[in-house]
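Asks: Now for the letters of each chain:
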Amino acid sequence: MTRKDRMNSSMIQVYEIESGNFTKAGEAAGNIKKLLRQLGIDAGVVRRVSIAAYEAEMNMVIHSIGGIIKILIDPEAITFKARDTGPGIEDIELAMKEGYSTATDFARELGFGAGMGLPNIKKCSDDFIIKSEVGVGTRLEARFNIST
Amino acid sequence: MRIGTVKELLDAQLIVGEGLLDHRVVSACGSDLMSDVLAFVKEQTLLLTGLNNPQVIRTAEMLDVSAIVFVRGKIPTPDIIEMAIDRDIVLLSTENTLFEACGKLYEGGLRGRIT
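Order-wise, the sequence lines are chains W and P. Counting in our numbering, the first sequence runs from 1 upward without gaps. Counting in our numbering, the second sequence runs from 1 upward without gaps.
The hints are simulated quantities; they were obtained by calculation from the structure and are not laboratory data. Backbone N, C-alpha and C fix where the C-beta goes; we use that ideal spot for every residue, glycine too. Where hints are given, some of them may not hold.
To be verified - Straight-line C-alpha distance at most 27 Å; calculated DSS-like pairs for lysine-lysine:
hint, chain 1, residue 1, chain 2, residue 2
1, W, 24, P, 74
2, P, 42, W, 70
3, W, 97, P, 42
4, W, 34, P, 42
5, W, 81, P, 42
Unchecked claim - If you want the footprint, here are the derived chain P segments under chain W, 3+ residues with CB under 8 Å:
hint, region
6, 15-23
7, 26-40
8, 54-60
To be verified - Residues from chain W that keep clear of chain P, each with C-beta distances beyond 10 Å, as calculated:
hint, residue
9, 20
10, 55
11, 85
12, 96
13, 131
If we strip away everything but chain P, and leave its shape as in the complex, we get (with noise of 0.2 Å):
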């Protein structure tokens, strides 16, 4: 699924990736529990989460993670936006709460995909 699709279906704001909108992802995931995501995620993966901090990033950093929704209308703080632009991850808010906006995507045909 492209990620611009992902930002139309959970009717979400763009903080920063306006040039990797086209960019696909082939599974999501969503977690607060960086420690799962760490052991379950593959790459090209959509990230949802409630969790906003660095560690995010850097969760998403390590795992290859191309694109993160901060659910619940989070917006992540400057620090962390812009170690989101230095890693080319895209970052997207919505109003969603993680249940709506994984249900909303899995309607959308995006799917989970655990190793």
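Just chain W, same shape as in the assembly (with noise of 0.2 Å):
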């Protein structure tokens, strides 16, 4: 099969993330970067793909109560969406600002809980959507256009 054949139809891969458990967070992040490989995916979208959804995948694993990752990769672009079950987040612009962060104690000791992950997802993808609601749970969807 030559990389058109393969890029030809979409492709959705699905992940579930667990709360708290810091040994599997990045592993879907990872499965997430094999797979872009192997689809011969420019190295550079790959690159930024991968740092995104392990910033996601760290957020929800630090944050959430758990919830899953979905990858949707079709001719023109990858879209990257994350659903948790909650907590929520309370104010999203508050959030999004470079060096806030609630993470805990645990959470930094492995190096995270910088305030960086939200806007680093922004920075690396094309379109960044994130809805949130206190006591529902979060949405977060980021695109990413293939050049060609």
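Make the complex out of the two chains shown on their own, each in a separate frame, by following the hints.
Replies: In structure tokens, the structure reads:
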């Protein structure tokens, strides 16, 4: 199969993310990276998606009570979706500010919680939407155009 | 700079990646904060850190970081070493502090590269 054949159809992968599981944290992002590489997608795009996916996955492991990550690949773009079931973000504008963080000391000891996650996902992507409701959960969608 | 040269300048112990010592790094970043590393590091970078956990390897994986130097004599655990082998990442350990290690590499001509 040539790269073009592989890229002609859309593809969806779903990963379940467990809250507080720091041993597994990053596995989904690692698998996404591997998959995109196998599909022959441009290395720069793969890198941007991988960074965003890893940041989102760490966010879910650190802050959420669990959720799922979906990756949709079609010939024009890669769409990354993350959805958790809570607790939700009180002030999204504040959460999007570089340096603002509500992470625990434990997350900080692991090298996270610098308040760079969401801004970095936005920076890496071509389109970025985040919606959140306290008590319901957070949905994040990031789109990455595949240059042809 | 050759990864092998990094090893010599830091008098470092090679943990894994013997066959990769001829690979090159074009810049370096010293940090214990993986969030910052993820936000600023470019590819073919050397990561120097005092942090010793699986997230260091994960971070390196996402960024295509080819080599990691653990400072202050830290030796990663077998599970971390295994992860690095799977991803072709060189692991080095030096007795130098983060500041001293960065200084020696800078003196040797390696630079940081921030976007």
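Asks: Check the structure against each numbered hint from earlier and tell me which ones fail, lowest number first.
Replies: Numbers 6, 10 - these are the hints that the structure violates, sorted from lowest upward.
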